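Asker: The numbering of the sequence shown is the working numbering, which starts it at 12 and goes up by one.
A portion of the hints provided could be inaccurate.
Stated by the list, open to error - Quick list of simulated restraints, FRET-style, between CB atoms: (1) E235 / S16: 39 to 45 Å; (2) I55 / A224: 32 to 38 Å; (3) M263 / I110: 24 to 30 Å.
Derived by calculation from the structure, the hints in this document are not laboratory data.
Small disclaimer: the values here were computed from a predicted structure and weren't measured.
Think of the CB as a built atom: it goes at the ideal place given N, C-alpha and C, for glycine as much as any other residue.
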Amino acid sequence: MSPKSNTNIKILLQIILSITFLLSAYSKIIAPGSVEVILIDQGIVSSRELAAYIVRIFIAFEFAIGILFLTPYYLKRFTIPLTWILLIVFTGYLVYSGIVLGEEENCGCFGDLIKMSPIESIIKNIIIAALSVILFRKINDERRKMFIPPIVLLASFLMVFIFSPLRNVKDFQFGKYINFEGAGRVDLSDGNKLLAVFSFDCEHCQHTAKDIAKLKRTFMEIPEVYALFFSEGGITIDSFRAVTNSNFPYHMIDHADFFELIGSTPPRIYWLKDGKVEKYWDDQFVKNFMLEFKK
Numbered sequence: 012m013s014p015k016s017n018t019n020i021k022i023l024l025q026i027i028l029s030i031t032f033l034l035s036a037y038s039k040i041i042a043p044g045s046v047e048v049i050l051i052d053q054g055i056v057s058s059r060e061l062a063a064y065i066v067r068i069f070i071a072f073e074f075a076i077g078i079l080f081l082t083p084y085y086l087k088r089f090t091i092p093l094t095w096i097l098l099i100v101f102t103g104y105l106v107y108s109g110i111v112l113g114e115e116e117n118c119g120c121f122g123d124l125i126k127m128s129p130i131e132s133i134i135k136n137i138i139i140a141a142l143s144v145i146l147f148r149k150i151n152d153e154r155r156k157m158f159i160p161p162i163v164l165l166a167s168f169l170m171v172f173i174f175s176p177l178r179n180v181k182d183f184q185f186g187k188y189i190n191f192e193g194a195g196r197v198d199l200s201d202g203n204k205l206l207a208v209f210s211f212d213c214e215h216c217q218h219t220a221k222d223i224a225k226l227k228r229t230f231m232e233i234p235e236v237y238a239l240f241f242s243e244g245g246i247t248i249d250s251f252r253a254v255t256n257s258n259f260p261y262h263m264i265d266h267a268d269f270f271e272l273i274g275s276t277p278p279r280i281y282w283l284k285d286g287k288v289e290k291y292w293d294d295q296f297v298k299n300f301m302l303e304f305k306k
């Protein structure tokens, strides 16, 4: 192989590896909460605050590695070994998630941008590792400018925590609802969402669900609707859906949570914006939706 061809292969490998890590970091930083709820739901961490720290630390390392692959400095001594360490940590987690826990949902490696199962992501990591080994064998390490790697690392950490600061979700009353049938894991503290609290055997809830489902089908500006269902009678989720012609992602709640979340009578619908209750309604739902969400 000619020196020019070898150089071209090295440059191509550096670009591929750089784009992979930068895309992975970007996909998480735009919605870190989606990865945080995965760690909470799997029992990897016990608090949202700790999950937020862990996610941002890994995002910072990914950004740094992605940038460093575009430089010729200390690839053999620093960048590629750091890549292998990160891949080992990620793959160990994926083995636990995909094989031990039997997970088949999105693993969060590319956030919600590119959804991959743990097994698919393990295969992706093996490919990345193989490409990095090829690059390692082809390059002659440039050891000048030893200040570049630590500066890039520091800048990456500062950038991540500035552009994606830690949010205080300790008092977010819906923080424990992170898994919804029909949608999988959901971060209610991120973005625009509607959370409806319904009882299966409540006629007012049934009429409201029917109206909202109809409005949702014809009025695209309405945020995604998630339901917290309470059941104490003989009506099932299938019966409720048949009566209301609705199909909201849902989470079942108990008696205590239900009466804590409604007003004097059900239903109640909360409008959530980035973890804060913007408004809530106990009646005139269609009218309020038209006023708030009509462009």
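Asker: Quick check: which numbered hints come out false for this structure?
Answerer: The structure breaks only hint 1.
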